[in-house]
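Asks: One-letter residues, chain by chain:
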Amino acid sequence: MGDNLTLLIDSLPQLWDGLLITLQLTVGGAIGTVLIAIVLGLGMLAPTGWISVPCRVIVEFFRGTSLLVQLFWFFYVLPIVLDIDLGPLTCGILALALNYGAYSAEVVRSSIVHVPKGQWEASMALSLSPARRMFRVIFPQGWALMIPSLATLQIQLLKGTAVASFITLQDLNDRIDILRQATGDTMFSYTVGLLIYFVLAWLIQVGMDALERSAKRRLGRGDGKKGLFSRLTGRPEAKVVTA
Amino acid sequence: MSWWNWQSALDALPLLLQGFGTTLVATIGGTVIAVFLGLLIAVLLRTLPAWVNWLPKLVVAFIRNTPLIVQLVFIYTLFSMNEALIQVPALTVGILVIGIHYSTYMSESYRAGIDAVPQGQWEAISALSLPPVRSFRSIVLPQALRATVPSLGNYAVAMFKDTPFLMAIYVTELVRTAEQIGGRTFAYTEAFTLAGLIFLAASYPTSLLIRRLEKSLATY
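From first to last, the protein sequence lines stand for chains D and C.
The first sequence begins at 1 in the UniProt record's numbering and counts up by one.
The second sequence begins at 1 in the UniProt record's numbering and counts up by one.
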């Protein structure tokens, strides 16, 4: 065990490099996910079929084909078909953003639909323009509704970043294996590695909880504070379909 | 269309379908494990006294919040280092790990379903002083499962789309087959596009079916 700790400290710089790759994928993927989710989610609610049907098709397409297929498609096929080589990191971020963005778009759509009908009617009665109605009245309320499900998907995204090692990226997943080779102790190195992922997931949950509280405060609603420990163990079932 | 060759696509198809067979085996095996283990976890977490409950809760949260791929490689490596377990095929290890991983999700669905059983039913159980096993089997679960089944179906579809991760432990499922075809014949475009279409063709109708099932069960 003492030897393991020394070896762990020795390989900290390598683990840190891997962590940085994982964080870049997570943050890049998360930003892309939210942008894609809002565009496609609101697009699916568009009154004209010219917008809503293509958005629905894109969402079902990226939900229905597996993440790994999309990743490999961007990595192997895109350079052949369009003659553009994005490099592994961009490929990873793009695949993660599109895949989890499609799932999140469904969350956005269903949350917007679940904003109480009276709010829609009230903003109609005040003859707000469609854009003002959406962005000043409906979306802020939908936003508070969608955060818990988005939090679940952001953690899924973090877990999904481990696919990066399939396309030559030396992410945290890859570095755990290097630690295993250095220590020769599978149990030790993978426990350390999984713990790092677990802490990252916990941080995402803490961040999303804070976001939810601020979204609710802005709507003038009180917040139910959660204990530090219960965040990941007592996570409520996401109300929105996952498949 | 110089990048698409129909002949390569036709050549790739039988191999891809063979890989798809392994994908299906993994999905079905994993689902069976997850459905039963998930129920076991949900009932266990409900019945254990509070002072020991935190440990299984933490373990479940740990499995659910860490990457499946890392877990697969971890357990596969442990198996391959143990002389008694080295003979276990990678597919079996994969089914086991993916089943356990998704059981932590499915236990949440069961929990939500059990929570949704009306308070009056619990009161009736204690009024009749039914034994715990009987009350769970004959009163709580039949009602809880109605709300749970669509959610379990969704997780089974999600698991289906996660089975390509098994290639991390060298299981030759659909996507690994596609990669091998690409490596051998350079028909990456055809192989990966077909692999994606096969996934879509299998998962989209299933999702629609689950949505219909959800609507028909929700009236209750």
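Treat the hints as calculated values from the structure; they're not laboratory data.
Note that the coordinates shown come from a computational prediction; the quantities given were computed from them, not determined experimentally.
For each residue, glycine too, the CB sits at the ideal point set by N, CA and C.
There may be inaccurate statements among the hints.
[Stated by the list, open to error] Where chain C lies over chain D, by a calculated footprint (3+ residues, C-beta under 8 Å):
1) 39-51
2) 73-79
3) 148-162
[To be verified] Heads up, incomplete: computed chain D residues facing chain C, CB under 10 Å, no partners named:
4) Arg136
5) Thr168
6) Phe198
7) Gln205
8) Met208
Asks: Any hints this thing doesn't respect? Which numbers, in order?
Replies: 1, 4, 5, 8
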